[in-house]
Amino acid sequence: MTQKLVIIGAGMASGRVIEHLVEEAPGAYDITLFNAEPRGNYNRIMLSPVLSGDKTYDEIVTHDAAWYAAQGITCRFGEHVVGIDRDRKIVEGEKGQVPYDKLIIATGSAPFIIPVQGKDLPGVITYRDLDDTNAMIDAARTGGKAVVIGGGLLGLEAAAGLAERGMEVTVLHLMGHLMERQLDEAAGYLLRRDLEKRGITIKTRASTAAILGESQVEGVLLEDNTGLEADLVVMAVGIRPETRLANDAGLEVARGIEVNAQMQTSDPDIYAVGECVEFDGHLFGLVAPLYDQARVLSHCLMDQPDAFVVRDIATKLKVTGCDLFSAGDFAEGATREDIIFRDPARGVYKRLVIEDDRLVGAVMYGDTADGTWFFGLIKEGTDIDGMRDTLIFGPAYQGGDAADPLSAVAALSRDAEICGCNGICKGTIVDAIAHGATELGAVRAQTKASASCGTCTGLVEKLLQVTLGDDFHVPAAQPVCGCCDLPHEDLRRLIKSQELKSQEAVWQELGWKTRNGCHICRPAVNFYLLADWPMEYRDDPQSRFVNERKHANIQKDGTFSVVPRMWGGITNPRELRAIADAAEKYNVPTVKVTGGQRIDLLGVTGEDLPAIWADLNKAGLVSGHAYSKGLRTVKTCVGTDHCRFGTQDSTGLGIKLEQILWGSWTPHKVKLAVSGCPRNCAEATCKDVGIICVDSGYQLGVAGAAGMDLKETQRLADVRTEQEAIDLTIAFIQLYRENARYLDRPYRWVEKVGLDWVKARVVDDPEERARLIAAFDLSQSIYRRDPWAEHAQQAERFQPLADLTLEAAE
Amino acid sequence: MSWIDICAIDDIPLRGARKLKTALGCVAVFRTGTAEVFAASDRCPHRGGPLSEGIVHGQSVTCPLHNWVFDLNTGQAQGENGSIATYPLRVEAGRVLIDGTGLSGRSAA
Numbered sequence: 001m002t003q004k005l006v007i008i009g010a011g012m013a014s015g016r017v018i019e020h021l022v023e024e025a026p027g028a029y030d031i032t033l034f035n036a037e038p039r040g041n042y043n044r045i046m047l048s049p050v051l052s053g054d055k056t057y058d059e060i061v062t063h064d065a066a067w068y069a070a071q072g073i074t075c076r077f078g079e080h081v082v083g084i085d086r087d088r089k090i091v092e093g094e095k096g097q098v099p100y101d102k103l104i105i106a107t108g109s110a111p112f113i114i115p116v117q118g119k120d121l122p123g124v125i126t127y128r129d130l131d132d133t134n135a136m137i138d139a140a141r142t143g144g145k146a147v148v149i150g151g152g153l154l155g156l157e158a159a160a161g162l163a164e165r166g167m168e169v170t171v172l173h174l175m176g177h178l179m180e181r182q183l184d185e186a187a188g189y190l191l192r193r194d195l196e197k198r199g200i201t202i203k204t205r206a207s208t209a210a211i212l213g214e215s216q217v218e219g220v221l222l223e224d225n226t227g228l229e230a231d232l233v234v235m236a237v238g239i240r241p242e243t244r245l246a247n248d249a250g251l252e253v254a255r256g257i258e259v260n261a262q263m264q265t266s267d268p269d270i271y272a273v274g275e276c277v278e279f280d281g282h283l284f285g286l287v288a289p290l291y292d293q294a295r296v297l298s299h300c301l302m303d304q305p306d307a308f309v310v311r312d313i314a315t316k317l318k319v320t321g322c323d324l325f326s327a328g329d330f331a332e333g334a335t336r337e338d339i340i341f342r343d344p345a346r347g348v349y350k351r352l353v354i355e356d357d358r359l360v361g362a363v364m365y366g367d368t369a370d371g372t373w374f375f376g377l378i379k380e381g382t383d384i385d386g387m388r389d390t391l392i393f394g395p396a397y398q399g400g401d402a403a404d405p406l407s408a409v410a411a412l413s414r415d416a417e418i419c420g421c422n423g424i425c426k427g428t429i430v431d432a433i434a435h436g437a438t439e440l441g442a443v444r445a446q447t448k449a450s451a452s453c454g455t456c457t458g459l460v461e462k463l464l465q466v467t468l469g470d471d472f473h474v475p476a477a478q479p480v481c482g483c484c485d486l487p488h489e490d491l492r493r494l495i496k497s498q499e500l501k502s503q504e505a506v507w508q509e510l511g512w513k514t515r516n517g518c519h520i521c522r523p524a525v526n527f528y529l530l531a532d533w534p535m536e537y538r539d540d541p542q543s544r545f546v547n548e549r550k551h552a553n554i555q556k557d558g559t560f561s562v563v564p565r566m567w568g569g570i571t572n573p574r575e576l577r578a579i580a581d582a583a584e585k586y587n588v589p590t591v592k593v594t595g596g597q598r599i600d601l602l603g604v605t606g607e608d609l610p611a612i613w614a615d616l617n618k619a620g621l622v623s624g625h626a627y628s629k630g631l632r633t634v635k636t637c638v639g640t641d642h643c644r645f646g647t648q649d650s651t652g653l654g655i656k657l658e659q660i661l662w663g664s665w666t667p668h669k670v671k672l673a674v675s676g677c678p679r680n681c682a683e684a685t686c687k688d689v690g691i692i693c694v695d696s697g698y699q700l701g702v703a704g705a706a707g708m709d710l711k712e713t714q715r716l717a718d719v720r721t722e723q724e725a726i727d728l729t730i731a732f733i734q735l736y737r738e739n740a741r742y743l744d745r746p747y748r749w750v751e752k753v754g755l756d757w758v759k760a761r762v763v764d765d766p767e768e769r770a771r772l773i774a775a776f777d778l779s780q781s782i783y784r785r786d787p788w789a790e791h792a793q794q795a796e797r798f799q800p801l802a803d804l805t806l807e808a809a810e
Numbered sequence: 001m002s003w004i005d006i007c008a009i010d011d012i013p014l015r016g017a018r019k020l021k022t023a024l025g026c027v028a029v030f031r032t033g034t035a036e037v038f039a040a041s042d043r044c045p046h047r048g049g050p051l052s053e054g055i056v057h058g059q060s061v062t063c064p065l066h067n068w069v070f071d072l073n074t075g076q077a078q079g080e081n082g083s084i085a086t087y088p089l090r091v092e093a094g095r096v097l098i099d100g101t102g103l104s105g106r107s108a109a
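Residue numbers (the numbering used here), protein chains in the order written: chain A, 1 to 810; chain B, 1 to 109.
Honestly, the hints are just simulated from the structure, not real lab data. Don't take each hint at face value.
[Said to hold, decoys possible] Selected chain A positions facing chain B (in silico; Cβ < 8 Å):
{"#": "1", "residue": "239"}
{"#": "2", "residue": "518"}
{"#": "3", "residue": "522"}
{"#": "4", "residue": "803"}
{"#": "5", "residue": "804"}
Even for Gly, the Cβ is constructed at its ideal location relative to N, Cα and C.
Produce the complete structure using the sequences and hints provided.
This is how it looks when you write it as structure tokens:
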């Protein structure tokens with residue numbers, strides 16, 4: 001006997017159920033199909049190609065009106081269902097009731113709308129169905145700016161489609177990297193890079209505060225107060241199962257409508273399928289499990305035994321040119337090991353995660369050809385112990401070469417600058433080599449590359465090697481550490497010329513062999529990035545040694561020392577009182593006057609640091625950076641204020657310099673001094689920068705040392721005015737920041753590049769000097785602030801997570 | 001096993017660590033990846049350096065005092081004759097749980 005089957009929702013899952021039924025059990029059911037959208041089933045996965053213009057709606061229709069008619073299905077499209085009466089077994093549509101013997105709820109999912117002001121403005125849309133897609137296509141017709149909130153699969157497809165249609169697109173993503181649920185940081189970086197190449201702006205860690213506009217959306221305001229103009233805002237932050245009808249009908253609903261392995265809800269005559277269901281704690285958003293559910297459900301309706309099981313799924317992104325693949329579980333687990341392969345030249349990244357000799361996860365970017373094979377290994381739990389060494393090369397591995405350390409250099413474009421001093425590009429050097437300059441001296445003579453400061457020598461040698469092959473042998477240069485093949489000089493140069501602006505970019509483009517560096521290379525990379533890209537990169541505390549992360553010097557007993565800044569060594573009774581009060585309040589065992597003319601409080605516990613900082617802040621005292629690779633002190637004498645020999649205001653100049661330079665990160669610590677006369681009471685002639693005031697002006701010395709090595713400063717220049725003395729000091733320090741290798745003090749760096757090279761830039765070239773000063777100012781607009789004040793705000797980070805001694809004692 | 005909820009995973013900075021006080025002394029809880037955590041003794045066997053203050057890289061930590069590098073899976077120091085105790089941890093719904101059985105004063109005695 002024919003039973004009445006009512007289906008609520010014409011999506012891909014219910015569409016597949018109907019196909020099974022009409023093919024395998026024609027006539028068994030009299031089907032009525034409700035759909036809130038005024039159309040039948042189409043392939044929603046293909047909405048992105050419709051948005052980008054690669055396909056039309058007609059091409060993605062799965063079932064048209066003729067098909068439904070041929071199957072004898074009663075279509076109630078464009079009609080909302082208002083309720084389900086389970087007692088009378090009736091579905092109530094807007095236009096009338098329909099009785100059922102069996103009911104399928106396939107209401108799908110609703111986009112999650114973030115609850116911010118302005119979310120209901122015209123021009124704010126979601127991305128779920130054809131109407132949304134058409135709204136985006138209409139909006140894109142007039143061009144303008146679009147903001148996509150959400151950097152997941154759907155958001156990025158929307159962004160790429162809108163960009164394809166000529167809009168200026170910005171993607172806002174709450175997390176640190178794109179598609180964080182499917183990709184790790186390294187693959188997220190490559191994806192971001194490829195999307196940025198298409199002109200899409202990506203902002204990560206961007207939290208939306210409000211959507212702005214009067215009668216139409218005009219912009220988006222972020223939590224950090226950045227404002228973005230927008231003619232269109234697309235919300236694609238996620239979906240949640242659409243469960244309202246099931247809820248109202250009194251069915252059991254958790255996050256989704258709860259079903260058993262036969263897709264039956266808590267009412268045995270009501271089934272649910274698709275994105276609206278929850279099975280065994282799982283929700284579903286991708287099509288493969290939905291088709292499995294549809295098969296199981298149709299079999300149950302035909303009284304054939306079947307059961308739904310959750311399987312691993314693989315993800316691919318449908319954006320042309322962004323080739324990514326992820327499958328399995330690649331993020332978690334202490335008992336797992338990684339195999340990583342990077343090929344900077346081809347923009348390829350692969351990571352396999354192995355546990356107990358089995359592949360459990362895979363992330364790939366740039367070359368996903370072996371994805372299916374890896375996915376098969378994951379699903380089948382194949383023992384991979386025997387092929388572990390070659391696993392990452394895929395099934396076609398025939399004993400190929402190991403990763404090529406030269407590939408980063410080979411990948412550089414012809415116009416990439418190799419020699420910054422002389423502005424020589426890769427193309428010029430390669431041409432010279434091709435024309436017979438087959439060793440370093442000849443390249444130098446013909447092109448001037450590496451003929452000035454010499455820091456690009458390693459790169460020029462690698463170019464010789466790449467161009468000449470086995471005919472050239474590079475004298476071995478010491479790489480930074482075991483994580484890479486590059487010496488510091490090459491690393492710095494490549495960060496500049498390849499415009500690498502994140503740690504992930506460095507790991508990938510320069511072929512790092514480890515996941516995220518080590519204690520040797522990561523602090524160096526962190527400094528190089530923040531020095532070269534102050535606006536794009538932010539200092540990463542987790543890549544700093546403990547003293548710089550804690551903003552205090554750790555002592556051998558685990559306590560810390562606290563040194564507030566005393567500008568130019570000048571203090572007053574109020575500051576001294578605050579220091580004395582703090583010393584008493586926190587039981588500071590040792591109070592010492594330092595050689596840099598300030599006061600050191602030694603023996604403060606880690607837990608007390610935020611509190612003592614807050615107290616000192618209240619008296620106007622800020623961090624002295626006594627722990628940092630940055631400006632330490634500017635030592636001064638009293639100069640013309642009090643001294644009968646003083647020739648200039650040495651104290652005043654010292655204070656000015658300290659107030660300009662404080663907070664800046666440098667390759668190693670930097671100490672200055674200003675003496676008011678050649679008697680040199682401030683001992684300026686052994687400092688990194690030492691200024692001696694004389695009747696005619698100021699003598700600037702640089703590159704002194706009084707530590708492991710003892711060096712007298714060398715004269716950089718004699719200048720007449722205080723302003724010139726300040727300008728030259730800033731320019732010198734900025735040149736040091738831009739060029740020195742990490743952990744080289746200025747005297748070591750000047751030894752390598754030569755004082756003449758420094759003078760040519762800082763003293764003889766006013767344009768370059770102005771550039772250096774402007775670059776320093778820009779960086780200081782970010783870093784000239786008190787870290788103590790910022791850290792005192794996060795006092796809880798300095799406390800233990802928990803105290804288990806009580807529980808353990810029970 | 002008795003699992004004790006100690007913190008939300010986001011309480012630990014990525015590629016960083018926090019300290020946990022226990023009857024056996026301080027335990028460092030490391031976060032090496034978005035959802036990857038390890039627990040080990042906070043005390044370096046070399047000169048007692050606080051490992052929770054070290055640089056966290058890959059699945060290792062470097063002691064801030066003299067750069068001993070420990071594999072957090074095994075607790076073994078790289079190239080040195082020394083190791084640190086490691087403790088089972090798990091992450092569940094964004095919370096970090098530690099196995100309390102190995103941390104009681106009695107089992108150490």
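Against the structure, the hints come out as follows:
1. This hint is violated: residue 239 of chain A has a C-beta 20 Å from the nearest C-beta of chain B, more than the 8 Å allowed.
2. This hint holds: residue 518 of chain A has a C-beta 5 Å from the nearest C-beta of chain B, less than the 8 Å allowed.
3. Because the closest C-beta pair between residue 522 of chain A and chain B is about 6 Å apart, less than 8 Å, the hint holds.
4. Look at residue 803 of chain A: its Cβ gets to within about 4 Å of chain B, closer than 8 Å, so that hint holds up.
5. The beta carbon of residue 804 of chain A comes within 5 Å of a beta carbon in chain B, closer than 8 Å, and the hint placing it at the interface holds.
Hint compliance for this structure: hint 1 alone is broken.
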